[in-house]
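S.K.: Hints given; two lone chains; assemble the complex.
Single-letter residue listing:
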Amino acid sequence: MNRREFLKRSIVVVAGMAVPTAALELIDPKKLLAAKPELRWVFLVDTHSCVGCGFCVKACKIENEVPYDANVTRTWVERYVITKDGKTHIDSPKGALNGFTSKKIDIGQGHTKEIKDEEIVQSFFVPKLCNQCENPPCVQVCPVGATYQTADGVVLVDRTWCIGCGYCIMGCPYGVRFFHPVYRVAEKCNFCYHRISKGMKTACVDACPFGARKVGNLRDPNDPVTKVIMTERVAILKEEYGTKPQVYYLGLSKEVR
Amino acid sequence: MVHGEAWTIKEFFTYPNEYIYWTIQIVMYPFMTGLVAGAFVLSSLYHVFGVKQLKDIARFSLVFSFALLPTAMMPLMLHLQQPQRGIEVMMTPHFTSAIAAFGIVFSTYGMIVAAELWFVYRQYFVQTVHELKAKPDRTAWESILIPLYSVLTMGAWDISEHALEKDEKAVKILAGIGIPVACFLHGYAGFIFGSVKANALWMTPLMPVIFICSAVVSGIALCIITYVVCMELRKLIFAWKRKQNPDLPSTEELKSVEVNVVTMTVKYLIMFLILAITLELLDLIFRGYTAVKSWDILRSVIYEKDFTKIFILQYGFGNLIPFILLLMPRLTIRRAVVGTLMVLLGVFMMRWNVVIGGQAFSSSFAGFMEYHLPIWPHDMETFKEGFFGALMVAVTPFVLFFCLSRILPVFGQKGGH
Chain U
23 MNRREFLKRS IVVVAGMAVP TAALELIDPK KLLAAKPELR WVFLVDTHSC
73 VGCGFCVKAC KIENEVPYDA NVTRTWVERY VITKDGKTHI DSPKGALNGF
123 TSKKIDIGQG HTKEIKDEEI VQSFFVPKLC NQCENPPCVQ VCPVGATYQT
173 ADGVVLVDRT WCIGCGYCIM GCPYGVRFFH PVYRVAEKCN FCYHRISKGM
223 KTACVDACPF GARKVGNLRD PNDPVTKVIM TERVAILKEE YGTKPQVYYL
273 GLSKEVR
Chain V
8 MVHGEAWTIK EFFTYPNEYI YWTIQIVMYP FMTGLVAGAF VLSSLYHVFG
58 VKQLKDIARF SLVFSFALLP TAMMPLMLHL QQPQRGIEVM MTPHFTSAIA
108 AFGIVFSTYG MIVAAELWFV YRQYFVQTVH ELKAKPDRTA WESILIPLYS
158 VLTMGAWDIS EHALEKDEKA VKILAGIGIP VACFLHGYAG FIFGSVKANA
208 LWMTPLMPVI FICSAVVSGI ALCIITYVVC MELRKLIFAW KRKQNPDLPS
258 TEELKSVEVN VVTMTVKYLI MFLILAITLE LLDLIFRGYT AVKSWDILRS
308 VIYEKDFTKI FILQYGFGNL IPFILLLMPR LTIRRAVVGT LMVLLGVFMM
358 RWNVVIGGQA FSSSFAGFME YHLPIWPHDM ETFKEGFFGA LMVAVTPFVL
408 FFCLSRILPV FGQKGGH
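Residue numbers (the numbering used here), protein chains in the order written: chain U, 23 to 279; chain V, 8 to 424.
No wet-lab data here; the hints were simulated from the structure. None of the values given here were measured: they were computed from a predicted structure. Take the hints with a grain of salt, since some may be wrong.
Claimed, not checked - With a Cα cut of at most 27 Å, we get these calculated DSSO-like pairs of lysine-lysine:
no.	chain 1	residue 1	chain 2	residue 2
1	U	Lys-109	U	Lys-80
2	V	Lys-173	V	Lys-62
3	U	Lys-220	U	Lys-125
4	V	Lys-262	V	Lys-250
5	U	Lys-126	V	Lys-250
6	U	Lys-276	V	Lys-300
7	V	Lys-250	U	Lys-109
8	U	Lys-223	U	Lys-236
9	U	Lys-260	V	Lys-300
10	V	Lys-274	V	Lys-262
11	U	Lys-220	U	Lys-260
12	U	Lys-30	U	Lys-80
13	V	Lys-300	U	Lys-135
14	V	Lys-312	U	Lys-116
15	U	Lys-116	U	Lys-236
16	U	Lys-116	U	Lys-276
17	V	Lys-312	V	Lys-300
18	U	Lys-266	U	Lys-220
19	U	Lys-266	V	Lys-204
20	V	Lys-204	U	Lys-260
21	U	Lys-106	U	Lys-80
22	V	Lys-300	U	Lys-266
23	V	Lys-312	U	Lys-135
24	V	Lys-204	V	Lys-312
25	V	Lys-300	U	Lys-109
26	V	Lys-204	U	Lys-276
27	U	Lys-106	V	Lys-300
28	U	Lys-260	V	Lys-312
29	V	Lys-62	V	Lys-242
So here's chain V without its partners, still in its complex pose (with noise of 0.2 Å):
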């Protein structure tokens, strides 16, 4: 069989060797580089504009978007025809190809966020390692800690005022390299598309600032959903064990907590998806306008072939719908729960009408293919690029940051910034 033969079906004229080449993971691929880009800008608020109703929120983003970063690379990955050469992209790249510059930016990025990390979380290493000597009759979790920890300091023990400061400063610079780093990250995966000259779909220039802003939008609301579902969890641990201790936080306390920081992350995340709808909007009616030769094959398939996917599903449930839910008046976590979920599938939608929907129409503008996401898997490659293979990518990062908070307490009353 050929590679993709089996998802596609063809309908009047299309070259012979066409089929669906890039398929759910290359939809997953620019949905997860958002969800990693949009994080750390949501984490950058704080520290760098200093919005400071986002301190709770700007150290659990930074920790998820550096859970997510490995989920930006598993899609390529799981794509590639040839996976065991993929490094080559790093080794020997080819600087006029988009993708060659992956390595990079992916490798600054991985370092600045890791970088970042190591300040924000340096105080809280320093002084758990001496509180955790200090204990006399340790836990097993806790006796592995004291070494782990005591390596991640890497032999920075200094805790004093005037250390802190620096740590502070350091956290802020490379929280603002860190923005258009991010934002390169994710524009040049836009580019990619973008600069495919030979797809009608793709080719635009507004292709990367669509795609940064689409990012920041799934990026944010992905850290209130994760946000939410961690401080409803923590009110239910917190609710059992204040049985055994009444000194703990109310309930009420962490919720009034949780409100005000969801509400003011909805405000920036409104702020970007007012953005990225206009810009898409203006691509469409640019292309409308100007009416060029591709403009009768691509009407058909965003007027008629994908008008569910693009109208009702990505403009409708994902633009629109969360847009009201989230502006009306006195925004409870619930409808904020649901209004960020439905801009969640609203930003899939756009990659996956971009990715397949570029692909859903043959170049010689004279016949359609349409994507069976394939379900049950009958061998790797339709697992790989099926449903059960985008899946695995989308929960690794949660798997990841379940990980990493046990290291990197996201919710610390002590220390950090």
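One chain only, chain U, in its complex shape (with noise of 0.2 Å):
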């Protein structure tokens, strides 16, 4: 065999491995199993509705057995009290697991700040939940992948995978993550993941007895939760770290971070 003929061959053995090849590109399971077009998981926060009872925290915690006393939790509710000085005040006292019971806001480590009413020009509430970002960079920092997007969007946790290197929780920009205090490995909101997959609302939607809070899927134009974002002028939180969250807002104001 000349060196021409040599090559000549091995051109059309590597090409008739290529195609093989291809094949195996084409079927890949993973795809198929994830082409499920139908399905995108997203939430809608109407903040005008929230009164911060905290009911949606008390019902997260019991559904998702994330220990009741434990000064983490999966979803918490934000107060803004914003005063005629211009600035704003915030505070989230246990997450608000047993709602705002009183008009001092918590600054941290028991100390409390009091505001007269006549100085309050604007308050409100927004509670916050795991985003299920198009984009997690949780996902991406997992060092062994035990944090993982699924096909319709939800991020979630694979607790006997993960190692407790906390990365992913230094790569959240939201402050969602969180080490299992029984468990010891990140954890999460799911969206209530086993609820939503046989059809049932999430434990906090189910708990709101305002309406505030709704799950919905994106890829389904009558939904009602799609309805909203496709409508109405809807916010979401953080945009600028390019995660695109999933969780969209309704009066989204200027000062919440």
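M.R.: What follows is the structure, given as structure tokens:
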């Protein structure tokens, strides 16, 4: 065999081998399974309706077995009080587990700050939960792939695989992640995945007496949540991080962090 | 108790789940890897660039770099919530994560250092085995050394001129590959922080470069100190031994060697120190000048909350004073030791200010968190991520170095490159 012949045959062999490899790519089972174009979970929060009762936080803790008194929570409610001098006062005592029972603003370490009623120009509540980002930084930074995004958009944590390095906690701009006090692995809101995948609503949605929280499917144009997101002026949190969060807010103010 | 609650003090508004999750061990991690990389770069200055004056410290810092290697991993293991799964970083790496590269970079680097050590010490192994075998009355330790060194030669008994030349060439190549790998080992530690977009203080492309420069600074500094301490000990031992055997080199001879090596090494230290400070200041100025959204909270952390730690301990005691001390003419050993100790403090504080400082403010930009280092442990967690856990990590390389130097003599007179 001369050199020309050798090269010719090599090209044929390589080309021939490339065909079955391309087939492998075409029928990638992961992609087939993931191709569920009809489902993308989203959340809608109507801040106008929230009164800061904290029922959602209670329901979430019980439903998802996060120790009730532990100072971590999958969802929480923030209170914003804006005074005449333009200052914003924010607090969320115990994540609003017991609601907001005092007018005083919690400033940490057991200290509170009293604000006179006549000083207040605006006040509102903002519920927070995992944004189930389209481009989740927590998934990107996990060194072992223990946290992953499902085909329907929810980010989950594999408790049997997480090594507990905390990189995902550091990577989340929204502060939704923490170490589970019992399992000692990363923990976060997953839109009550065990419930929504069975056709139920999340625990917090069911617990909210004012309809401030709604969960829906963005791919279904008739879903009431999708309709609101499509037709009304909604906002998302911390757009500048490029995470493409999928929790939409009605009535979000510039003060909200 | 929630992880992090024991040592975090919150002020004003922080998200309910925010705590100082990355603590003293994550300060130790870049500090220790920095020492590893720095020590290796120092030894490579001789092996690759042929800086002859560093011959004496080159072999020393290579062994030291090897002794430091396991302690780059220790703080990570102590920090993990599930340390038994730590191996998964190597077994099932998820390559979009900067940490996933750890297994590959770390083991590559470990193999390079081990291989280089082998080539450097091969001649010594062979010669020692021959000598000891010829010796009629061997001590128990010497009898252990014979099989140990025989295994370590891995069957390569050829110490002809030609074979040794090849060894030397291999060392040069390995050290050459080792430099970028050592820089990568540490640069990627910087990348771990620099790529966290959620953290306003960490996110800068300069982070890996700053980390590499300060790594080399700290590595050289530690090598100088350890070298001086070893030399002082040797002087004491020699002075004592000379009473029986007057043929041994005099203390004066040893001292002149010591001063030369230290003066030369300090020059390289200063070079990298200037580079590190320049980059750090550039970063600070740039942040202030561009003043993006996060600058308000960063400013209050840098100029108010952490002022003492950053400007007094890090830049003042850690950079400026040693800079003057080391640059003043007629450098003495004592001044060099004081200077390099302060440099080490400076680099440690830099790591502290990056790791802890980066968590000193809430990502809501509306509150602060303060880290209280647990001193006396009251449970496993406060031990692991407290003062004594860090101390354990800091002491380990010296213990390892002592053990290694029993087998690989760093001040050996014969053989080697």
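S.K.: Next step is simple, just say for each hint if it's right about the structure.
M.R.: Now the hints, each set against the structure:
| no. | hint | verdict |
| --- | --- | --- |
| 1 | Lys-109(U) / Lys-80(U) | violated (30 Å) |
| 2 | Lys-173(V) / Lys-62(V) | holds (19 Å) |
| 3 | Lys-220(U) / Lys-125(U) | violated (40 Å) |
| 4 | Lys-262(V) / Lys-250(V) | holds (18 Å) |
| 5 | Lys-126(U) / Lys-250(V) | violated (80 Å) |
| 6 | Lys-276(U) / Lys-300(V) | holds (13 Å) |
| 7 | Lys-250(V) / Lys-109(U) | violated (79 Å) |
| 8 | Lys-223(U) / Lys-236(U) | holds (8 Å) |
| 9 | Lys-260(U) / Lys-300(V) | holds (11 Å) |
| 10 | Lys-274(V) / Lys-262(V) | holds (19 Å) |
| 11 | Lys-220(U) / Lys-260(U) | violated (31 Å) |
| 12 | Lys-30(U) / Lys-80(U) | violated (71 Å) |
| 13 | Lys-300(V) / Lys-135(U) | holds (26 Å) |
| 14 | Lys-312(V) / Lys-116(U) | holds (25 Å) |
| 15 | Lys-116(U) / Lys-236(U) | holds (23 Å) |
| 16 | Lys-116(U) / Lys-276(U) | holds (24 Å) |
| 17 | Lys-312(V) / Lys-300(V) | holds (19 Å) |
| 18 | Lys-266(U) / Lys-220(U) | holds (26 Å) |
| 19 | Lys-266(U) / Lys-204(V) | holds (14 Å) |
| 20 | Lys-204(V) / Lys-260(U) | holds (12 Å) |
| 21 | Lys-106(U) / Lys-80(U) | violated (33 Å) |
| 22 | Lys-300(V) / Lys-266(U) | holds (19 Å) |
| 23 | Lys-312(V) / Lys-135(U) | holds (21 Å) |
| 24 | Lys-204(V) / Lys-312(V) | holds (22 Å) |
| 25 | Lys-300(V) / Lys-109(U) | holds (17 Å) |
| 26 | Lys-204(V) / Lys-276(U) | holds (21 Å) |
| 27 | Lys-106(U) / Lys-300(V) | holds (23 Å) |
| 28 | Lys-260(U) / Lys-312(V) | holds (25 Å) |
| 29 | Lys-62(V) / Lys-242(V) | holds (19 Å) |
The structure is inconsistent with the numbered hints 1, 3, 5, 7, 11, 12, 21, although it conforms to all the rest.
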